[in-house]
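In the order they appear, the protein sequences are chains A and B. Residue numbers in the first sequence follow my numbering, run continuously in steps of one, and reach 622 at the last position. Residue numbers in the second sequence follow my numbering, run continuously in steps of one, and reach 651 at the last position.
Please note that the accuracy of each hint is not assured.
[Stated by the list, open to error] List time: in silico DSSO-like cross-link candidates among lysine-lysine, alpha-carbon distance up to 30 angstroms:
id, chain 1, residue 1, chain 2, residue 2
1, B, Lys552, B, Lys592
2, A, Lys556, A, Lys366
3, B, Lys592, A, Lys272
4, B, Lys592, A, Lys568
5, A, Lys27, A, Lys207
6, A, Lys273, A, Lys568
The set of hints was computed from the structure by calculation and includes no laboratory data.
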Amino acid sequence: MSDSYAYAGQILRVDLSAGKTWADPFTPEDQRKYIGGAGLGAKILWEEVPPEVAWDDPGNRLIMATGPLAGLPIWGTGGLTVVTRGALTGGATNTNANGFFGANIKLCGYDALVLQGRSEGWVYVHIQDDRVELKDATHLLGKDTWETQQALESELGLSGHQLSVYSIGPAGENLVRFAAIQGDYGHVASKNGCGAVMGSKRVKAVVIERGGKGISVAHMKALYAAADEIAHNLQNDPSTKGLYLYGTLGGVRNLHGMGALPIRNYTTNVWPDGLETKKWEGPSLREGFDHRGHQCNACGMYHCHMQVISSGPHKGAIVDEPEYEGWSGAGWATGATEPSEVSWMNTQLDRACVDVNEWGWLCGWVMECQEKGYISESDLGFRLEWGDIEGANRLLQMISRREGMGDLLAEGVKRASEKVGGEAADCAIYTMKGDSPRGHDHRARWEEMLDTCTGGGGTMDTAPAVQPTEFGLPARIGAQDPDLVPLAVGTMRGRRHFEDSLGACVFTTRVRMEVLCRSIEAATGWDIRREEAMTAGRRTATLFRAFNLRCGIGPELERPSKRYGSTPVDGPLKGVSIMDQWEKMLDIWYETVGYDRATGRPTAETLAALDLEELIEPLWGKEAAARV
Amino acid sequence: MRAVVAEEKRTVVIELLAWATVFVGGDGSESREFSEEILPGDTIRAVLKRHSRRHRDLNHALWDRGSDDLGEHIEIAVNDAILGINHTLESEVVDGDRIILMGQYMGG
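If we strip away everything but chain A, and leave its shape as in the complex, we get (with noise of 0.2 angstroms):
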């Protein structure tokens, strides 16, 4: 049993090269610190992962971390949070994943799971309490992630929330780029190339049994206090409460009215003439198709659902209800607008297992290069027309296993686009990182946009403000101001880094700070107040800014890409710009946050204020260490 409430106090360590695992204890003084899941990986990355070592060499790490609040009876606490060096950016990943596996791991005794070195042949990792073995997992190579996970539950004689299996599909095997590591049916890790990663360790999946350990509280009548509060508040708070009976289906809608649902590849933000609207409101999503509950660890949201297609040529599939951004990426950024094609798409690429973000810039960009003659019929082997779920699902197999060119195609966005060059270069949506934003049309949503160039996980770092007024922000933050929505991005920041350190859903800590707060107060025992906690997400941001600058990723790649930076030319946002307005919200953004604009570094005076001294030497050099 572990020394501090709240923790189990280790973290498991399985060095794939030699075969051995171990644990380390994760001390009292880093819980408080570096609190867990984000936090957590940050500072065994920038310790442990040197400018030198790939996303694909041996050295790098792959930390699958959980934290305080993981296990226990608050909603959305099984949460995971991936965090390597990224085969999409060569930079620090943050990705996260809900489901079963931050409480398990727990329950069996651990903190975080660190895979490192490269095992010989493909293995997977079994984690049964203190029992952690690596076993033979060739007969599950080329199996998708919902087959390996009922192979593993079949051989294991396990089922439903006995046993988390995080695996990747044959995407991460043959190490595409958007490689993601899916878990429980449904959830999915998929950022920066996570997946690729795995399969460049030659790890199949993790599974954990779940533990017999107990996990201990401070305050537990404190604690079902807070838990009591946060439903409460989900339940009631105007925006939550569609997300608590709707989960996130609402997005389309509500988007498109906003001129931000990405529609074919960005050339569009207007419906097709004569689609049926109602079909893709909320309730409508959810009771067009049968439907059954699948939530996570203590969640009492109606927010994830398993789906029974209900028409075409895959009537009757059970497949995972999408999120949004699934019904985007496998649908609207593509062409795609009939729900049970797009959902099956959905699935396919959780089975597959790559970015569904990704996915949707990558295919939209290659059917808009096939309708413009940019990408022949021969080039790629086949004719791909807007709306082909079919067609799609050829493309997304061509890729996973690095067929004809699908090889190309599996290197992102980004750099397939460079690759072909001319003007299919610019119609490609991608951070000049090399990452890709999520399922939105962020001209539309620009502190999106702005978060996502400067962002240092893979993806956006700060998300939509929530609570702003907690935060000395009015509540209202218009979308296209260029003072507000930097200055917005920059104070919320470290918000996001601190909740995905928790071992929670990011969709049930949308709560006030000071609620957040007294959860992990009462969890813990420590007295923790917002303050404290927005240091502590903003030394995770900037530990992630600092490896990103190690690895040669500076300012001077903090822009989107031509299409991704363009101009609206239909839709509530028509002729609106907002690379009219980019140097001005980047000069904002860095004084809020306390970097260097030149150089894009932290200041020393920043760096001191977030307890990182350690770091001024290494980003600014000896004097300036002995200066402060």
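Chain B: place on chain A using the hints.
Below, chain B alone, put in the same frame as chain A:
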């Protein structure tokens, strides 16, 4: 003898889309439209204030209680352009304007 001229009523349409309909008694789907009579000099703020006073949940969702400015929960478009592009809350409304209210997005 004075001529009696019937003054024509001037109105704007307030439309609540999809999820936003729950704030005016809907089920979160399709849309609800209201015709709101306007007075000379009325601004978008004035019209929305008057309208939301008749719907307690909308009033709660639309305005920030601390500042009495717009809250974070609802996005607004005026004549198919997002508020802030061609109009602000202080812009005067004209007969036939269409104000659309929609739920903020939650990401994911």
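Now for the hints, and whether the structure bears them out:
For a cut-off of 30 angstroms, the pair hint linking Lys552(B) to Lys592(B) stands: about 19 angstroms separates their Cα positions. Taking the CA atoms of Lys556(A) and Lys366(A), the gap is about 17 angstroms. The hint holds against a cut of 30 angstroms. A threshold of 30 angstroms between alpha carbons decides the hint, and for Lys592(B) with Lys272(A) the separation of about 29 angstroms falls inside it, so the pair holds. Between Lys592(B) and Lys568(A) the alpha-carbon distance is near 28 angstroms, which keeps this suggested pair within the 30 angstroms criterion.
As the CA atoms of Lys27(A) and Lys207(A) are separated by approximately 25 angstroms, the hinted pair is consistent with the 30 angstroms bound. Restraint check: the Cα-Cα separation between Lys273(A) and Lys568(A) comes to about 25 angstroms, which is no more than 30 angstroms; the hinted pair holds.
The structure fails none of the hints (numbered hints given earlier).
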